[in-house]
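Please arrange chains B, C and D on chain A, whose structure you already have, making use of the hints.
Protein chains in written order, with our numbering: chain A, 3 to 354; chain B, 3 to 354; chain C, 3 to 354; chain D, 3 to 354.
You can trust all of the hints, since none of them are fake.
Given that identical chains are not distinguished, each listed pair holds provided it fits within a single copy or across any two copies.
No farther apart than 20 Å at their CA atoms in a straight line, the calculated lysine to aspartate or glutamate pairs in the DMTMM-like style are these: (1) K117 with E309; (2) K5 with D65; (3) K348 with E57; (4) K276 with D53; (5) K114 with D308.
If you're looking for bench data, these hints aren't it; they were derived computationally from the structure.
These numbers come from a predicted model, not from an experiment.
Here is how the chains run, residue by residue.
Number of protein chains: 4
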Amino acid sequence: MIKAGIIGSTGYAGAEIVRLLLQHPQAEIVWYGSRSYIDQKYADVYRNMFDLVDERCLGEDMDELAKKADVIFTATPQGLCASLVNEKILQDTKIVDLSADFRIKRVDVYEKWYKRTHEAAQFIPEAVYGLCEINRESISKARLVANPGCYTTTSILTLYPLVADGLIDPDTIIIDAKSGTSGAGRGTKLPNLYCEVNESIKPYGVASHRHTPEIEEQLSYAAGLDYQGGQSILISFTPHLVPMNRGILATCYAKLKDGVTADQISASYENRYKDEYFIRLLGAGNFPETRWVEGSNFVDIGWTVDERTGRLIACGALDNLVKGAAGQAVQNMNILFGLEENTGLKLVPVFP
Amino acid sequence: MIKAGIIGSTGYAGAEIVRLLLQHPQAEIVWYGSRSYIDQKYADVYRNMFDLVDERCLGEDMDELAKKADVIFTATPQGLCASLVNEKILQDTKIVDLSADFRIKRVDVYEKWYKRTHEAAQFIPEAVYGLCEINRESISKARLVANPGCYTTTSILTLYPLVADGLIDPDTIIIDAKSGTSGAGRGTKLPNLYCEVNESIKPYGVASHRHTPEIEEQLSYAAGLDYQGGQSILISFTPHLVPMNRGILATCYAKLKDGVTADQISASYENRYKDEYFIRLLGAGNFPETRWVEGSNFVDIGWTVDERTGRLIACGALDNLVKGAAGQAVQNMNILFGLEENTGLKLVPVFP
Amino acid sequence: MIKAGIIGSTGYAGAEIVRLLLQHPQAEIVWYGSRSYIDQKYADVYRNMFDLVDERCLGEDMDELAKKADVIFTATPQGLCASLVNEKILQDTKIVDLSADFRIKRVDVYEKWYKRTHEAAQFIPEAVYGLCEINRESISKARLVANPGCYTTTSILTLYPLVADGLIDPDTIIIDAKSGTSGAGRGTKLPNLYCEVNESIKPYGVASHRHTPEIEEQLSYAAGLDYQGGQSILISFTPHLVPMNRGILATCYAKLKDGVTADQISASYENRYKDEYFIRLLGAGNFPETRWVEGSNFVDIGWTVDERTGRLIACGALDNLVKGAAGQAVQNMNILFGLEENTGLKLVPVFP
Amino acid sequence: MIKAGIIGSTGYAGAEIVRLLLQHPQAEIVWYGSRSYIDQKYADVYRNMFDLVDERCLGEDMDELAKKADVIFTATPQGLCASLVNEKILQDTKIVDLSADFRIKRVDVYEKWYKRTHEAAQFIPEAVYGLCEINRESISKARLVANPGCYTTTSILTLYPLVADGLIDPDTIIIDAKSGTSGAGRGTKLPNLYCEVNESIKPYGVASHRHTPEIEEQLSYAAGLDYQGGQSILISFTPHLVPMNRGILATCYAKLKDGVTADQISASYENRYKDEYFIRLLGAGNFPETRWVEGSNFVDIGWTVDERTGRLIACGALDNLVKGAAGQAVQNMNILFGLEENTGLKLVPVFP
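The following block holds chain A by itself, in its conformation from the complex:
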């Protein structure tokens, strides 16, 4: 059994890791970390865990935890993982970090978008961007995995094959994304209140959301650009808040390169993804809906070519807490420990 510790186990993403690991046949949780609820029973914080989890919440002593755990999930605010990690810990255990600390290879880009000094930049080079379908080879050898963001997983997986195959013009990419409210976390802030979110939709972080550079970096790799040398695709990314608990939908637009056909688009997706368990290609003319992936680790992708405008419109949908956070983190754990990637993750989407 893989011994897993979770730092930040009482946020929504952390709690979803708990849910997934409780149903995982080869892992057990040895540490329910939570700065806010130390010594309280975990099942009192999340009453769905009544009778299922007896443990109490512990602090964030990562040195201590590193000795007990084979893998540590850090589902914490930006900066925390960077402030705690050190060489000793990485020798003792593996880390899957759900924050953005190690996702971006260029420190200057990180520090500009996140408005903070990086406290452990020395580990950035070895960190592997944990987008399993793209980087599983490197992930399998990593000590430190930077688990991707929810918007970014949706956006990158939706566009990666087309950029890699040179079918769309990367300078015309616009991603209009919509997220359920659990993506905003469990913080007690006014904009997260029921009556503020319900019966409304709003854009936020327009032209300034932090997931933008993460998408740009990965798509730049797809395009073969020297990102670390300063080359980069620039995209427009606009997130919106939707009155629902879970789900992300990314509606992506780009100009097709001259002469590119709908069949080439379909072939590109098929070539890249046809053997991927967690990616479901709906086919041209079909579009995903977040309800069809809820509770599961699937990403559904659909697309069409608009002959009138010469644009591709492609949509990806996933459950932000599963494939967009905890599910991908467990998938990364499976890769790190040589298990079948879908171990414990063959969850049938829950509908309605």
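Below, chains B, C and D alone, put in the same frame as chain A:
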């Protein structure tokens, strides 16, 4: 592997049986029955099943199905199971009927509340009321199991120990129940439209809902009454429609018998349910919320004694599609085939 | 023009007073009080008021305000109005208090349920309970009006005629109430978050909610009891939180007195309410739904007699922010100043 | 008093016209038309109208109606108005048609997108596109007003000034729009069911939605193109269904023309809209949310210039049933009859 056929697999309850059996280690689905979608791909009707179910929908030829299946689930409107069942079928296979056809032992009561003639009354005596925690012994020997309704499972399990132990006055029982909208089914009726349900709560079937006699019958047994001889508890039962997909909450009121203490209430629950995997006793002063059981087969029960009024207030909560329908049906299947009752049903509630 | 000041104008009830007064032909707002947002533009706190309200928020200097305003609405937490009111203020202006400070005539009852010492008990005797349809005569002469709570308005109006006419047994009254989430206020607390409320229903304050004694007091008056002398009806009252913004539904149960008929029930309602603009009697066998009153000052009432159990089931529904708070407050203002009661309040319910 | 008849008064848009006219000081409803509910009480179809509307539903005899009414609103499916209108009717009364029949000047475009033959093409030339803020001069002299669609009102008003002033490249316009579910109408179709819409977001009509040519036509006029001569802007338009009752948000993207500054964008909006009562300019860097306009006739517009990508991102929000349908229809009526445009429409947005 148990071979299972589902008649009515494209309703919400039927689809939930599909979801549960796909994750069940010892069962497989051999028949996706659906009168409305014959020959259509099941995954086109429920796109969450894309890539997971390749089969097409079949009709409701129960004779044919009986030869192929070890168990048949009938998740169909009232009357259908009664119109199809016969001795030959019951010799070939077992039936778990999710309709009300065989739930009520008195034909006159059934025909009065359901306003229809019973077409197979000869099978009523042998049918077993499939409330697992109460009747598992009889269920294990049955050929025909009448799976309880969603409101009734919640209500009966919440009050059964107290009635059986004579702690409350059965003539004072009032059950005010609230249900998510999936309980209304997938029929395309005006009252089921999004804009008609959203942002509203309403009572319906006041003093006339069909689940009333089912609750009365089972609680009469608990009270030791000769129900079939004409004795019966009479209760008030008021269902309400709540703008949410899943969940039932039953708020139950009754006068305590003279001198009954809160400790006796707690002891009654503990004695009856302490070893039940699917019943979670929250303890006196704690109350269930439907979000904590969503997606799982759990029933959460909490209660308090109101000294001012001499009343017990007890609440039960469950997921109407799982313990209130498909989950209990699979639990019944497990009992029928001698499996551990929670096989394939150790689902951790999904939150948020 | 009536000059109105609002203390607590940035809570949901306060903001609804703003909405109503902006559309009131004979009132204007001269003071947007808000402890939390002093000096901020009101329209920055409530962006629906963009271009409609230019004023900034002011503090809670009630002495100053009393000189400027003909009427002060205090839409504030319990205790604030009591801590600020004094004889001088009441000589200068009229007060409609939306908190519970002056609703209960017995200080001991108030202090027990609200767990606080009353700071201005000397004004309790003169305060008038502002349930307009019952007390309009006294309200018209009052200086200090105690605006009723949302649950209590619904519950009392639904049961008042039947208790007053002696048709039901007051000792058997059970009120199972359901409220939209705006009733919980705009405080940034975990239980108010979108993901905590959405897709769930829960009871709260079981056998202990503070609106209980308020309902008991008013229904005791209806029953002709000497409440201040110690006599009182005792009821069971259970509120539930519903995932919707607005609306309260109270489902009320009581044993009919011997021989009482459905016609007597209907006649009782008609006699009391037939000329009330804001009370809509749906007739026997019809039940209210909160969607049909949203945004308006109406109370819809429906009922049935359950012959089987000898019980009355009656339901009332209203918009908790309008008739349950701000609308009734404005209705009280209209009475205080001799206007037609429905001035500025002839709002057509908004659906969907 | 203006006498108004409504054909299609029992759809959501028709019912909203009823709500608005009941509160309009200078109009009265003389005809509640509804093919589906002939002879039924209107208040039985919409119970919010209980006690407010006594009339019964009538058929769609437009000749008869034309004699009684000063204005007819046709809130009906495509094709109905075109099939009923004739010269005699237009001599007797004015028509505000909420369907698409007379919105598009080119019959070939209409017939291609709507897949039907136009039955009254002879009236297309005289019909005026009823986007009040743009065409009020022509509207005031019209007999037949084609009330714009909900998506189109939002989209066109958001982009019109910038296209007219030549600040953005029209060939790069992408409109990603999100709508509440009332926009789908009250038809009893599976995709409109509560459980199908709730907890999900989906795109639909991708690259094929009928509002596309309507937006293109009006923006082509803004750009000074000879639309009827065959010139046209081509845009990408993608609508999405959001789990909420009301509201439309249009997120619009376009490349800025060389050298265009943020100040020029702001000035363009101000010049065009600063005196418009119903358009609220939130200013650069601020974005609308549908909750702030709910129940009102306002359009909120916000924008930013993304220096990184050289794109403008502008968002418009409105209530699809008010400014997107019934409110604009009443605004058109006000113009047709020489009233102040905001008569009966100074509705304060309802929040929460």
